[in-house]
Amino acid sequence: MIKRFLYSQKVAPYVFVLPFILVFLVFWVYPLGSSLSMSFQKVTLGQDAQWIGLDNYTKLMGDKTFFKAVANSAVYMVLTLLILIPFPMLFAVLINNKFMWGREFFKSSFFFPALTSVVVAGTIFRLMFGEMEGSMINSILGIFGIEPMKFLKGQVTGYIALVALATWRWTGVNMLYFLSGLKNIPDDYYEAASIDGASAWQKFTRITMPLLKPTTIYVLTISIYAGLAMFIESMMLWNGNNSPKNIGLTIVGYLYRQGIEKNNLGYAAAVGIVLLAITMIINLSQLAFSGMFKKED
Amino acid sequence: MKRKWLVMMLVLTMTTLLFGCGSKSSSSSKGESSVLDAGAGENATELSYWTFVELHGQHFEKMLEKWNAANPDRQIKLNVTVMPYDDMHNKLSIAVQTGVGAPDIADIELGKFPDFLKGTPQLVPLNDVIDPYRDTIVKSRIDLYSKDGQNYGIPTHVGASVAFYNTEILKEAGVDYKSIVTWEDFKQAGIKVHEKTGKYMGTADTSATWQVSQLLAQQGTDLTDDNGNPIVNSEAMVKALKLLKDLQDNDVIATIAGGQPDTEEAYGEFNSGNYATAFMPLWQMSRYTNYMADLSGKIAIAPIPVMEKGMPRSVGGGGTGTVVTKTAKDVQLAKDFLAFAKLSLDANKEIWNTLGFDPVNMDVWDMKDVTHNPENKFVKYFINNPFDVLNEIKNEIKLIKSTPASPTINNVLCTVTLNEIFEDGKDIKKALDDAQAQIEQELK
Amino acid sequence: MKKELMAKIVLFLFFAVVCLLILIPFYAVTIASFKPGGDLIRYGLNLRFDLSVMSFDNFAYLFTGDHAYFTWFFNSLFLTVVQVVLTLLVSATVAYGFSAYEFKGKNILFICVLLIMMVPFEILLLPLYTLIFNIGLMNSYSAIILPGVASAATIFFFRQYLSGIPKEIISAGRVDGASEYGIYIRLILPVMKPSFAAMAILNGMNSWNNFLWPFMVLSDDKKYTLPIGLKTLLTPYGNNYDLLIVGSFFSIIPIFILFVAFQKYFIDGMTAGAVKG
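If you read the sequences in order, they're chains A, B and C. Heads up, the first sequence is in this note's numbering, so the first residue is 1 and it goes up one at a time. Heads up, the second sequence is in this note's numbering, so the first residue is 298 and it goes up one at a time. Heads up, the third sequence is in this note's numbering, so the first residue is 742 and it goes up one at a time.
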């Protein structure tokens, strides 16, 4: 009887998606809910929580360090979008070119950095951007007669290191995304365009770019997410969560600082909820703007 | 085909590794826990111990041997875990608050200690095991780790601040460190050093408050007022930073990679002879012997310069309170062992012998056979004997209070304010006012 | 013709330069792994190839020294394999449910999948931490594996892949009298093989390099994974750079070999999934 029930075509799909429902409820809905409720409480591990209404949020609105963190994350996100979408797209188009030698080799080499863990990559970059005269970047600058710089102590130079790290790790991955997108564009489009006498640039803007739109939206979505939620990169680059003048402090870093380092779980939860709101607003409006919802059936 | 071959290779490498390296036992090692047997028998109780300084484990190893020999019926195996500073304190904080996963014994650094005393401390009061030794040790070092009359941590050292001079550089510039008494002397010497050698006399610390504490102690003030409220924009503080800033402007001191002398980058800079002086608590000695081998035989220890003659010349800096957690397997055993390992006379001698710290039992400071043992690696490394200096300044060692506000004060000063002042040249008064506001906001 | 050759050369040179830039950090680490750790602290990471200070000492220490590196290494390996196998099986099953059937609530559930992909996992750290603590999974690998077992991205990829598989297979299976589950296991899973390889790489990579969550959950250093272990070496009070750099170098190798072995699957799999959405 039970077997008959479980094996019916009506019930089977629920059995199939059951693991997702469970994981979703236990590890997403419940924590999200408790995060939301925690954000209205004063929570200290090991002690009873107190309801304090909107206090965490009002405190957050007057917290300069928090705004610093938000600004840092936002700038990082924008910079990674500006670099990690156009360049990988361009590389993908070029590498897909029929004149390309050694395509497979380059594809793999571009991808290698993504294989390293953030811990390893971050440490390598921290040492490369070290402020000593002999560390890699400074010794290269020295060849051009530029004085050694304290990269990780300045806002701009610190971000150069941070964005360099992101660019290094993700260029290859995004390029592969675009390459797969390119494969779906039928060759006849280009042939037809060639017959009409279109230039390479016209082909790129009129055919490639529009047809890559789904891929672009996908890459954009995950990049927004990854940019706003960045933390470990900064933690490894500054060897801790306390960068000079908080130049590397991100929203998640602040959540970690308040929640884990300072045991202000309620306040940290409020930071998390604000991050969630920012991510959702940006991503949903981005998707709405690009008409993704209309296509979704 | 090629792929299969590669996978085979991968599997092969892994199995070789597994058999080659899997079965290694370890006695003392890096970045992992190691179980110290120290002659313990079958029935020994295994206690776990977390620390952020590898060397502390070595001290416990020595004391453990003595303990196990002396207490055959209460033997201990110690499971030592070394973790990076931040990570260890974060994990420990969570573990003691939730009551899960905490070790039996742990080191907590002074700067983080107030966080562990918030609310109801989840640590065991140690008064009863401290009492037998109370008269022999410096009281203020115990007070640092106490709340409402309960002592929760056992100190390791006094941490008297001294100056470490690289005499090779000073000689090159024709400077005698012994003639440096005031900051003005230091400044003139530093100007000479920079002119003659192009090197810096000292560091402008951006990621630690050692120097700030030293200069406040000279003026008889503190980072907090009598009620424990932050006063980082006080007159004394402005004066202290103006003094340092003036030294920086005259190329006497400069910022250093890592932000302060006790970082790995700075060890490298000092070892390469780029900076002549470090004003640090005495335990910096062990950093010299461990990480700056090239400077052996070149470093002299002296009292720190003062603003005006007669001001106190030292302040206790840093410190580690070793605690027993409420969830410890055998609380009494852990407490007894801890007192034995850190407070007994033997322990205090070993703290000097192994760690190179100035022990909290000041009687040891006068035991010539201990302090002037020619075989001691610290005695060998330094030009003069540190205890000659320590005994000279013995009655001048001041204290910067540890209050619930201290972790926040330190965090703001070390990440923001000092960087603004020394790296960006921000106006000192303005930077300190901002810091005060920020600290008050965070403490709300 | 000449113009084509020129184009080829210019393109090649351009990519060669970019490629060189990308490979420089690898070169730097490789060089550094042969130098004493003290040098690294003193002079920074640099490109100087100086045989007089280079030796195999670090490698000798890695393989024979007294440290926990290989404990971490095999923990990572074990965790990665278990995590990949479980995640793929569970996610594929869920994806099949979404792709093969029409059922009540399907759209809402699938929107949940998409939403998860947009919710930063990091904001759940604290509540998840207390949850794991309350159900007694602290310091266990289950705590790391379970939350990710139905991976939204993987489900999404598989569903896209499955939508390219003709529905006739399913109806043919039903005609032959196979059960709903039999159809999935015997007919669909084999067809999904190529996408499995791709997702195995992607998930394997994530798992091998995963840091923050395992770092928070694990407190027993005998259970540490490689990234956590390497992170513990980053302390000024240990002089651990000898092991850190050579260990970092060595940690890249397994995943590197896997990538070289499976890269075609990887790229194919991405074509199947990422684009049609």
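Everything labelled a hint here was simulated from the structure, so no lab data went into it. There's no promise every hint is true.
[Stated by the list, open to error] Pairs of lysine-lysine, BS3-like flavour, derived with a Cα cap of 25 Å:
| hint | chain 1 | residue 1 | chain 2 | residue 2 |
| --- | --- | --- | --- | --- |
| 1 | A | K68 | B | K727 |
| 2 | C | K845 | A | K183 |
| 3 | B | K727 | A | K42 |
| 4 | C | K845 | A | K10 |
| 5 | C | K744 | A | K203 |
| 6 | A | K262 | B | K698 |
[Said to hold, decoys possible] One side only, chain B facing chain C, incomplete, derived with CB under 8 Å:
| hint | residue |
| --- | --- |
| 7 | M380 |
| 8 | P381 |
| 9 | Y382 |
| 10 | K388 |
| 11 | A392 |
| 12 | Q394 |
| 13 | V397 |
| 14 | G398 |
| 15 | P429 |
| 16 | D432 |
| 17 | E561 |
For every residue, glycine included, the Cβ atom is placed at its ideal position computed from N, Cα and C.
To see whether the hints hold, each was checked on the structure:
{"no.": "1", "hint": "A:K68 - B:K727", "verdict": "holds, 19 Å"}
{"no.": "2", "hint": "C:K845 - A:K183", "verdict": "violated, 35 Å"}
{"no.": "3", "hint": "B:K727 - A:K42", "verdict": "violated, 33 Å"}
{"no.": "4", "hint": "C:K845 - A:K10", "verdict": "holds, 9 Å"}
{"no.": "5", "hint": "C:K744 - A:K203", "verdict": "holds, 19 Å"}
{"no.": "6", "hint": "A:K262 - B:K698", "verdict": "holds, 20 Å"}
{"no.": "7", "hint": "M380", "verdict": "holds, 6 Å"}
{"no.": "8", "hint": "P381", "verdict": "holds, 4 Å"}
{"no.": "9", "hint": "Y382", "verdict": "holds, 7 Å"}
{"no.": "10", "hint": "K388", "verdict": "holds, 6 Å"}
{"no.": "11", "hint": "A392", "verdict": "holds, 6 Å"}
{"no.": "12", "hint": "Q394", "verdict": "violated, 10 Å"}
{"no.": "13", "hint": "V397", "verdict": "holds, 5 Å"}
{"no.": "14", "hint": "G398", "verdict": "holds, 4 Å"}
{"no.": "15", "hint": "P429", "verdict": "violated, 31 Å"}
{"no.": "16", "hint": "D432", "verdict": "violated, 32 Å"}
{"no.": "17", "hint": "E561", "verdict": "holds, 4 Å"}
Checked against the numbered hints given earlier, the structure breaks hints 2, 3, 12, 15, 16 and satisfies all the rest.
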